[in-house]
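**Student:** Here's the letter readout for the chains.
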Amino acid sequence: MDLSSQLLQLLFSGLTLGSIYSLIALALVATYNITGVLNLAQGEFVALGALLAASIYAAGLPLAAAFLVSVALIAALGALIERSVIYPARESSALTLIIITVGLSISLRGLALLVWGTEPVSLPAFSSGGPLLLGGAFVNPQTLWILGMAAATTSGLYIFFELTYTGKAVRACVINRTAALLIGINPGTISLLAFAGSGAIGAAAGIFITPVTLATYDMGFMLGVKGFVAAAIGGMHNIRGAVLGGFILGILEVYSAGLISSGLKDAVALIVLLAALMLRPEGLLAISGRKV
Amino acid sequence: MLEIKCLEVCHGWVQALRGLSFQVVRGEMLAVLGLNGAGKSTLLGALAGLYKIKKGDILLDGESLSGKPPHQIVKLGISLVPERREIFNSLTVIDNLLLGAYHRYRYKKNEVIIDVVKIMDLFPALRGKENHPAGTLSGGLQQMLAIGRGLMARPRLLLLDEPSVGLAPLVTREIMTTLAELKKTGVTIILVEQNTAAALKVADRALVMERGGIVMSGKPRDMMENSRVQQACLGRTRAVQPAAAL
Ligand SMILES: Nc1ncnc2c1ncn2[C@@H]1O[C@H](COP(=O)(O)OP(=O)(O)OP(=O)(O)O)[C@@H](O)[C@H]1O
Ligand SMILES: [Mg+2]
Chain A
1 MDLSSQLLQL
11 LFSGLTLGSI
21 YSLIALALVA
31 TYNITGVLNL
41 AQGEFVALGA
51 LLAASIYAAG
61 LPLAAAFLVS
71 VALIAALGAL
81 IERSVIYPAR
91 ESSALTLIII
101 TVGLSISLRG
111 LALLVWGTEP
121 VSLPAFSSGG
131 PLLLGGAFVN
141 PQTLWILGMA
151 AATTSGLYIF
161 FELTYTGKAV
171 RACVINRTAA
181 LLIGINPGTI
191 SLLAFAGSGA
201 IGAAAGIFIT
211 PVTLATYDMG
221 FMLGVKGFVA
231 AAIGGMHNIR
241 GAVLGGFILG
251 ILEVYSAGLI
261 SSGLKDAVAL
271 IVLLAALMLR
281 PEGLLAISGR
291 KV
Chain B
293 MLEIKCLEVC
303 HGWVQALRGL
313 SFQVVRGEML
323 AVLGLNGAGK
333 STLLGALAGL
343 YKIKKGDILL
353 DGESLSGKPP
363 HQIVKLGISL
373 VPERREIFNS
383 LTVIDNLLLG
393 AYHRYRYKKN
403 EVIIDVVKIM
413 DLFPALRGKE
423 NHPAGTLSGG
433 LQQMLAIGRG
443 LMARPRLLLL
453 DEPSVGLAPL
463 VTREIMTTLA
473 ELKKTGVTII
483 LVEQNTAAAL
493 KVADRALVME
503 RGGIVMSGKP
513 RDMMENSRVQ
523 QACLGRTRAV
533 QPAAAL
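Protein chains in written order, with this note's numbering: chain A, 1 to 292; chain B, 293 to 538.
There may be inaccurate statements among the hints.
[Claimed, not checked] For lysine to aspartate or glutamate, the following DMTMM-like pairs were computed, each having C-alpha atoms within a straight-line distance of at most 25 Å:
#: 1; chain 1: B; residue 1: Lys346; chain 2: A; residue 2: Glu91
#: 2; chain 1: B; residue 1: Lys401; chain 2: A; residue 2: Glu91
#: 3; chain 1: B; residue 1: Lys367; chain 2: A; residue 2: Glu91
#: 4; chain 1: B; residue 1: Lys347; chain 2: A; residue 2: Glu91
#: 5; chain 1: B; residue 1: Lys421; chain 2: A; residue 2: Asp218
#: 6; chain 1: B; residue 1: Lys344; chain 2: B; residue 2: Glu517
#: 7; chain 1: B; residue 1: Lys400; chain 2: A; residue 2: Glu91
#: 8; chain 1: B; residue 1: Lys360; chain 2: A; residue 2: Glu162
[To be verified] Ranges of calculated distance between the beta carbons of each label pair, as one might list FRET restraints:
#: 9; chain 1: A; residue 1: Gly36; chain 2: B; residue 2: Leu351; range: 54 to 62 Å
#: 10; chain 1: A; residue 1: Leu277; chain 2: B; residue 2: Ser509; range: 46 to 54 Å
#: 11; chain 1: A; residue 1: Leu7; chain 2: B; residue 2: Val457; range: 51 to 59 Å
#: 12; chain 1: A; residue 1: Thr166; chain 2: B; residue 2: Asn328; range: 35 to 43 Å
#: 13; chain 1: B; residue 1: Ile406; chain 2: A; residue 2: Thr166; range: 31 to 39 Å
#: 14; chain 1: A; residue 1: Leu80; chain 2: B; residue 2: Asp353; range: 36 to 44 Å
#: 15; chain 1: B; residue 1: Ile406; chain 2: A; residue 2: Leu134; range: 50 to 58 Å
#: 16; chain 1: B; residue 1: Lys297; chain 2: A; residue 2: Leu80; range: 27 to 35 Å
If you're looking for bench data, these hints aren't it; they were derived computationally from the structure.
Note that the Cβ used here is the ideal one computed from N, Cα and C, for glycine as well.
So that you can see chain B by itself, here it is in the shape it has in the complex (with noise of 0.2 Å):
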């Protein structure tokens, strides 16, 4: 469903992304791993419509995402639940998930607040707190209400940046089990992790970033196995190298 055709992105003078081409299949979840600067972030920020293309294309269905702002891209089935989980701290967590169906909230209201009670089912943990302002949760909260607000907007494709960031090892898991959730309903995901054991475990297929290009992809299985690949390419774990690269 998403071809991705030698795509370059640039921050000013510092290269993010060098060409890089991969498709992403109707119903899967990739696991995009790789140390801190590999160019992770810029990869989905593109995706979403945040950053120019300097050159490639992104196609979702064989459409050209190319120069299109965020708020279109959206439209289209695409929906980032960015680094560092960005909720809208002040408003409570009822708003933040209405607002995450900014692009229909005016035309299908209720389609809307169906939607809401759909997440609070899909993050239990949630409810109860939905006049809370979103900025008092607990970190793992806020990660299921960014989670929950991406799918607000009905996506496609669903873009997750580092969603285990920060949070207890029983949190990560629940997440990750929601997202194993998720596919099932037919959502396709590229989840992009520092914490390669727990997105293998749940993903399809995994890529390796470096440097913004790809230096190897393939099955779960194999990438885990790989341990000597995976010392030079991941480092450890997270846990021991915050923010040693680069």
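The shape of chain A in the complex, shown without the other chains (with noise of 0.2 Å):
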């Protein structure tokens, strides 16, 4: 294989990768932004939803049922963990805030160990068939599927955003939070929607990899980093930002294991991470002043 098709392949598997680290980022800014909280245990969410849909279509159920059933309930569990934990704390400090999504990533991860096991499960790939020759790489039809889930979803999101009038009272409630309670918003209901909707976006990102990458109990974790580091190059304040981390970061990170050594894999988020608090810690698209 010579170097221009190595790279393609590659940039393939940074956009894959990136596009994970997208949603996991955008669901973390969003909810920052709504609520104040950073929500730590956000990888959890990507997780449990995956091991849950694994079990799901082990039990014999469909591949789509086995998704939309595991997407519901994790987002189902985003509001519940909003209600129960988060709303009661909603006056404590940012500090306190965050500990106690600490504690839920920890005590999510402990509550996967004990149902699922440290064997990795997994599912199968959405469509069968070997990988796909495109314009000199093989692409593995899964990352396809990944690619176009992440598309799908921010699309979604954009629309909901843009042009719906719950989406504009949620960004009301991200540029300015007060405004957004004095013109009669209950950030109550926000913040609910942002866990379930974090939730949900957490689970199919989840189930999307589980086929190429197992899913384990504490897979959580590292993609939280990962989604927390995108989100920390956008600059916390802009969810195009978030978004565009992801994909920088998953496409660096393929890169450089790749090409210099795949040792490098993990220590290129914290490099990329420090470089960016350096440099831009306004977040690279702050210049435009445009939020969400």
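Join these two chains into a complex; the hints should help.
**Tutor:** Here it is as structure tokens:
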């Protein structure tokens, strides 16, 4: 395989990984701006969604049904967590809230360990057939599913935020929480929506990557960290920035692992985070001054 | 329509309101004057439900607002146009106005759209900018938009926090004229201002606040003539003493 097709191959992997980071970052940023909570348990939604779907599928339901049921249940879990843990503590300091989400993350991971054990579980690829040859690079069809799902989720959210009244109300909360309170938006409702949405997006991402990466009880931790790095690259206040940050991180990781050394993969995230915080602490897209 | 009884509000350790009492009559425009840090914004914030009431009570047509969150207070008919306008910068002018009617948009969409047209009639300067992002408007237009957004909630009581800050005298006059027009439609208004002259010109009655309490109240005419008291309590004009107090 020549260099250019190898680069193309890596680009596909990078985009795939990047789209997953983007989705996690997007959920983190939306929740953070709406509720003031940096939800470090976001990665656990990804893991639980994947594990749950694998169990449902193993129980005999079709793949599509396993997907829908798992996404719905994790959305409900997100809502339940918001009502039972986050909402009662909403007046606490940002630090307290972060510690709460760290605690949540550890508990959810412990729960996953109890239920699913340490063995990885799997789901079949969404479509059968071997790798496709695209422009000299071999592409796993599941990669296309992942890219398609990320594109559909991002465009769905775009439509929600740009074209619907409720979406604009959510943006209003992100832009200016005090003003949102003053026009009569109940922040509790929007917060509930944010956590349920984060659960659904996380679960969907987890289920789509499981045929490629398998699912383990502890897969959420690293994904959550990567999602946070992507969000920080984007500046934490900007959903477009978070999506861009996810793709940048995914592509950088894959290229450095593929071209330099595979040991670099996780270090890259931290290097990128440091660089981003030093060079553009306000985020890549901050100049535009546009939020969401 | 509004009765404030021995109201006390704290920000952490700072007691911002120290047992404030006064009443507002339906249909009047009350000016609240005072230097920086006197507690004017805290008073309006407490009326809108942003701050916890430590002691005392606020009654709107006999109903206590104590402990009610902002989104319920908006429904009861109090709308605050906050200090520094706080419009939604990246949303369009129209979206800002539509969101102002958040509590009734879902049930009464047609009524809301008619109200948007009314706001455009009230502030013709906003015409032609409907789809501009609100953050790109001039300060004066942003203030008009902020007031328009506040009115979209159809308040019985409109609270305005320093609408003239940073605006040219001509624009300030335009806004004050509009407020006077609004009053004629029956809206009760509390106008917080440091631009004493502008506020006294349109108000029916005025209060002067100092360190979380009321130190003076009366007819605008008496206040205006009482120049010595004015110097002591209000400083000279806003332009000459930015943040000089405290
Ligand atoms: N969020 C806050 N946290 C702590 N202290 C506050 C807060 N907001 C106001 N204060 C304090 O409460 C007092 C009253 O402030 P307030 O903003 O109500 O005054 P103001 O009359 O509106 O002043 P200005 O003319 O500057 O707007 C001041 O001493 C101020 O420092
Ligand atoms: Mg103030």
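**Student:** Determine for every hint whether it applies to the structure shown.
**Tutor:** Verification of the supplied hints:
1. B:Lys346 <-> A:Glu91: holds (16 Å)
2. B:Lys401 <-> A:Glu91: Since the Cα atoms of B:Lys401 and A:Glu91 sit roughly 34 Å apart, the hinted pair is violated (cutoff 25 Å).
3. B:Lys367 <-> A:Glu91: Judged against 25 Å, a Cα distance of about 23 Å means the pair holds.
4. B:Lys347 <-> A:Glu91: Cα-Cα ~20 Å, so holds.
5. B:Lys421 <-> A:Asp218: With a Cα-Cα distance of about 52 Å, the restraint between B:Lys421 and A:Asp218 is violated, given a limit of 25 Å.
6. B:Lys344 <-> B:Glu517: violated (37 Å)
7. B:Lys400 <-> A:Glu91: violated (33 Å)
8. B:Lys360 <-> A:Glu162: violated (31 Å)
9. A:Gly36 <-> B:Leu351: 54 to 62 Å: violated (32 Å)
10. A:Leu277 <-> B:Ser509: 46 to 54 Å: Between A:Leu277 and B:Ser509, where Cβ atoms are some 53 Å apart, the hint holds.
11. A:Leu7 <-> B:Val457: 51 to 59 Å: Once the Cβ atoms are compared, 56 Å apart, the range 51 to 59 Å for B:Val457 and A:Leu7 holds.
12. A:Thr166 <-> B:Asn328: 35 to 43 Å: holds (39 Å)
13. B:Ile406 <-> A:Thr166: 31 to 39 Å: Roughly 22 Å apart at Cβ, these two residues miss the hinted range, so it is violated.
14. A:Leu80 <-> B:Asp353: 36 to 44 Å: holds (39 Å)
15. B:Ile406 <-> A:Leu134: 50 to 58 Å: holds (55 Å)
16. B:Lys297 <-> A:Leu80: 27 to 35 Å: violated (41 Å)
In terms of the numbered hints stated before, the structure departs from hints 2, 5, 6, 7, 8, 9, 13 and 16, listed from lowest to highest.
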